[in-house]
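Chemist: What follows is each chain in one-letter form.
There are 2 protein chains.
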Amino acid sequence: MAEKTNAASFNYVQGDLVSTDPLLLERDAHSRERTGVAQIERVMRGEETPADVVADRTALRRRGVNPTVQPDLSLRVAPGSVVGKPTIDGRARDKITGRAQYSVDTYLPGMLWTKVLRSPMPHAKVSSIDTTKAEAYPGVKAVITYKDVPKATRAALSAEPAFAGEPIAAVAAETAAIAEEAVALIDVKYEPLPFVLDPREALKAAAAKVRTTLAANAARSPQFTYTRGDAAKGFAEAEVTVEVQVETSFEQHVAMEPHNAVAVWDRDLLTIYTGTQWAHGTANGVAAELGIPQSSVRVLAKDTGGGWGDKTGRHPYHIITALLAKKTGRPVRWELNRKDIFLDAGHNYPLFATAKLGVKKDGTITALEGTSYVPSGAYGARANSDDWESATRTYKIPNVKVGGFSAYTNTVDTSALRSVGEASGTFLTENLMNRAAEALNMDPLEFRLKNIETAVDQVANLPYSSNGLRESLERGAELFGWKSRWKGWQKGPVDLTKPQRGVGMVAFTCNKGANSPPMTAIVQIQGDGSVVVNTGAADIGGGQRTVWSMIAAEAIGVALDTVKINAMDTQAGPDALGIFGSRGTKSVGTGVLYAALNAREKLLQGVAFKWKLSNTSDIELKEGKVFRKSDPANTAFQMTVAEAAAAGVVIIDDVPRPAAGTIVGEARVPAFSGYSQKTFGAGFYEIEVDPATGFVRVLEAVQVHDVGRAINPTGLVNQIHGGIMHGINKALTEELLYDPPTGIVVNPNLDDYKLHMIDALPAKIQVDWVEPYDLIGPFGAKGIGEPALLPPSPSIHAAIRDAVGVYVNQQPMTPARILNALAKKA
Amino acid sequence: MAEKTNAASFNYVQGDLVSTDPLLLERDAHSRERTGVAQIERVMRGEETPADVVADRTALRRRGVNPTVQPDLSLRVAPGSVVGKPTIDGRARDKITGRAQYSVDTYLPGMLWTKVLRSPMPHAKVSSIDTTKAEAYPGVKAVITYKDVPKATRAALSAEPAFAGEPIAAVAAETAAIAEEAVALIDVKYEPLPFVLDPREALKAAAAKVRTTLAANAARSPQFTYTRGDAAKGFAEAEVTVEVQVETSFEQHVAMEPHNAVAVWDRDLLTIYTGTQWAHGTANGVAAELGIPQSSVRVLAKDTGGGWGDKTGRHPYHIITALLAKKTGRPVRWELNRKDIFLDAGHNYPLFATAKLGVKKDGTITALEGTSYVPSGAYGARANSDDWESATRTYKIPNVKVGGFSAYTNTVDTSALRSVGEASGTFLTENLMNRAAEALNMDPLEFRLKNIETAVDQVANLPYSSNGLRESLERGAELFGWKSRWKGWQKGPVDLTKPQRGVGMVAFTCNKGANSPPMTAIVQIQGDGSVVVNTGAADIGGGQRTVWSMIAAEAIGVALDTVKINAMDTQAGPDALGIFGSRGTKSVGTGVLYAALNAREKLLQGVAFKWKLSNTSDIELKEGKVFRKSDPANTAFQMTVAEAAAAGVVIIDDVPRPAAGTIVGEARVPAFSGYSQKTFGAGFYEIEVDPATGFVRVLEAVQVHDVGRAINPTGLVNQIHGGIMHGINKALTEELLYDPPTGIVVNPNLDDYKLHMIDALPAKIQVDWVEPYDLIGPFGAKGIGEPALLPPSPSIHAAIRDAVGVYVNQQPMTPARILNALAKKA
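Residue numbers (this note's numbering), protein chains in the order written: chain A, 590 to 1415; chain B, 590 to 1415.
Since the hints were derived computationally from the structure, they do not count as laboratory data.
When chains are identical, the list treats them as one kind, so a pair holds in a single copy or across two.
Taking lysine-lysine and the DSS-like style, the derived pairs with C-alpha atoms no more than 25 Å apart in a straight line are:
1) LYS891 <-> LYS915
2) LYS916 <-> LYS684
3) LYS793 <-> LYS714
4) LYS740 <-> LYS916
5) LYS684 <-> LYS891
6) LYS915 <-> LYS684
7) LYS1214 <-> LYS1199
Start from the sequences and build out the full structure, keeping to the hints where you can.
Modeler: Shown next as structure tokens:
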């Protein structure tokens, strides 16, 4: 096998990418064997010819799934293996039938209800507050104000609200109605302060300060910049230069389950029930703010009804309910309503960006340059780098100079929303690529295939742990029939008297779905060989628990239905960071995998002791049966996993000693280095524009993603379907609107903040994936949750151009903006 | 130090008892250092003279505590140490104020209620059953009968009830009242079968079979026998032989919290909320009976309101609620009422025993012989060996021949009740010793001090891991003032016209409080250095959680208030067996100790890496501060435990690698061999008998126990106080009564099953303990829960003899039995 190198072809598909990390090497051998990858490799090398393996290299990496039927697995994996088998999520049925219990369904005896008083203006000083009437109101049990909360960058209640809707005071009462009536009785006087909404304005020297304590509105110092090569030189070499200016919008996550918390104190232990993507983050944030040990805050969640990036860490509702519960000695509940959420939860930030691309006439890209601005809200500090993630990596570009500016603004709080950065960034980047292809009159697919760089991450200067972008593009084009459906760049006038159809396609690189610490888990083998997995990570609706169960079952060698994932509980599972960044499979799954392998090894030590073997290397456990690898038919060396669990040995100072009890495997996996870990994919869309109304209907969607290896094809298909639905809304409808003179949100509700329903899905959807087998992910897998969102919006953007000849550079591409673009062109 | 030997003096107090187990040796060094024992040893060897250590060998082993005041710690332990400091249990305040939530306080939305139909006769065959009327009754959601339950030794519902009160059918309904009304509508016909209540009758060849499927009523085969030396020869050598015949009663445990279960299915996961002493036993028993994986049964408990041995493992109420919940798709609750409990829960078995003792005139014991019979109920299989525990070990007796016979009987179910075996056995043994002392006209204390054997367990032929019996007797005698208060054996007539006072004393050896596997735990160090302990073991009211917290805090070196014990959850904590056999401190605590040490070592590995040390041996962690042992003042080598937690390293193949995340320590501790582990103690009581009524009032109680080392003196005092209260009731009031002709229990309620309230406690109580430092227990500790019960009843028995000249050989020693004994004597 070739040496590891930063250059040329080290893609696994090409046969030579090798890890030098002994931990990875050892784990990898196990993973390949158990998922059948090793067997297929042997078949391909002619060392083995089992009848049940389809020796087709393509089949290993590509499995067509028709969403209207069960996935058709054209590739058989190792007999008995769990990973790779389509598996319906254990929670699916209950969620569909309404039987599932979400965290927001938590009602405790004696519970009080919360409402808050919110600032009516985007920036003000509270000059006086009088809560006596509210406190005296029958049924009110406690009123707290900004005077009662701990100091924090964003205090849970503020004396100087820095956005319209920021909470000033909170009431706990016997009912929500009483609490709301009492809020109206709080007598508060404000002194208005100047405000700024636009990040480009905010960064000007003379701009009003977003908070009076700020020296400047820059949210990051230094701001993000990235350079390689010489951009000026690159543009000088270019034969054609294209430019774009794009703008996106504030979007709320609109999770089905509203943000919620029920807080209750049991002496010095604070328990918070809350829908969360990161329970330990919540617990530890609350502990720090209240000045108590982390072990004194227990966060529990039932099913979490979606997060998308806005249910991580400590939020004001956690602190407010905790303080009200402390003050009243009773459980205190706060379920934010949709208005609360639109005004006061996190939002995706809008991107204001310009960029230009230099190309040669043969399609070679010579240079990229661009600048972006984002509003971070009054307290956030968005990073900007992911806005440029795809632009700086997807294509071979020798000369790059980009920068991003993040500013505090008197707008809603910002938080990560599914593929934060890449989502807006891809809308920018793929717009630019399309314009370049148009300028060169090249097929946009050909332009991309010519320019993509799949071997090396040009920013990190590291090989990719896997990269299936080329195969994704090729497979997507095949499924869509791109070659026959792409009719060339339409230059002539468009018939605006009737609906027009168009096609568009994109490629992307995404930072989400990489492997990042902490990767921890506890895996317990019970006395009968069944398995319980403890992780501090949550299933937020993506089927994460099913994936973790499959990983544990496969790793240990037991049936899937004997593995249970414990409910999320910060006092049971270790901190595995949150379910964000598409970490569920690749990062939390890695923790589960290593903890499972640790438990398995401890189990097999008991078997080795019983069989008088010096170590476990010749012992195999599969489908709940233990046997000798070298002599599988020998009945003297066979036992069930339950018998193995009963063998109970611990190794102390190299000496095995009998020890009964649950076998506890645990892992805290170090980060793996030497590779860039990214996710990739492609989209192909057909849409129809009605020039009379500006209404866009999506007719067909094809998405193909590089997922490393599919753990659960069913869950994977569901995630991509969700991404398509979400992406269509992002493309066409979602935006929070401000009234600039007052700084007030004008559509904080689901009537005016527009969302398509499921009937907006195209009639024809084809999703597929390629499986280059990621070196670092568990069983070769990487993340899919966020990448799934990326293709729709830029694909639709390109398809609108194909249909009616205009680029609509503001997202969402609403009917009004399409009509405006058409009018401008005409 | 001397070699390990089975002979002579290897008591730690005598300076020479050494473990050869490397695991123990390593742990022991740590434990002694952290609790100050090592320091005191150094002081005693003249190697150190710190001002804050009272260099008094006696003080180390003896700490007087006056229950009316806070414990007075005459011995200072290591500065900053947690173990040994009186600590109020974290649950105490809530329990006293009624704020605590017990498992029986579990009410789930949509919950149904259960009632059962019970057999009205002690043995019958159900010839027909018709549930149609009950099923049609409004509000009834399900009816199940013996036809619907899995087969088991004792099926949850029976077609052939083998005791009066055995359940036949069960109803789940919207309210308990509806369920009860519906039970009355079940039409059932019985065919009566012959029955037997007395074990001595049951073992006769012609006896009716307790169940028709039994070939014989013997509950164990072989029955228990134990022989050493030659009993016949021993009695031939004896100059005096004394004999006793004793009888004790069925006693119910009468835990404050009634037995309960709420079962609910979430697809294939069964969750049971139940007050339990052994959650994994419950879960695993239910799983086996229902034929599902252990991981599919989750048992959760809040506070458990007492167990005393009757809340272990699977009970019919778990199976019945699980089946009803499955059938109805709703949560199903069953809270047994007191009648249910008296008829159908477990009970301590009565002992029917005869024994004789041979002694020489100088007080030397030459031989012991005895036979006992116990009824096991229809399904149990009581062991009998613990009945002879104290008799065969406490005193040097060269020739012994004892046996115990256990029989199935058509009586209530039997289960372990606090010091099962030893409680009745000590009533027998100490009675025998008193009679021997009387026959020889010796002071009963002198007789015992002459005969006790504290070095070697004569049955196991192993040295004791610790034995403080002699010190307990001496300290008890000192506290009570025995020498001045013992007036010799009163032989003359007693004045029966007025109340008479008497004193009595006893010694005992107890099998409870030994260290037994599984000993498992998980200890997690959070990001700020605070600690969460996961154990599958429950706190049943004995303050176990406080003890485990103290052990973990001491072992790791952090403040007690940063350690939290997670709520009991079989899907979070590993199986550490139950809280029975006084395992809480010594066995579960050992698991916690090793898991804590494992977590600590992992934490310190990160520090070693940061400080560039090759290992952790020179790193100390105390009171949340990390420093170098060899250079504690060097500020370059100091950090907080939070900083240490952030250092985050794992060692893989001897190479440290940075790895973030919760540090998970775990342990599955092997059993330690080479020692006999027992608990010991002594009681000294004064009582007053009113000869007119037979009423006994306890005036004064002194109990001194060998506890190895007190982890929490406050909890220890509470446990002994509880034992005194419990033991007074056992001595004087508690018995379940049968009507022999019908086999029916006549007092299944708290009016007729008599219990003294707390006002029966003597005005003067002194409890104390000695601390020989147990080689095997965590920080030298052993169990106290059960031993605390042993002194009262035999002490009171002896004191009644002293007061009014009669031995009352049936327990409880009720007024009627005392009056009968007085009448018989007269």
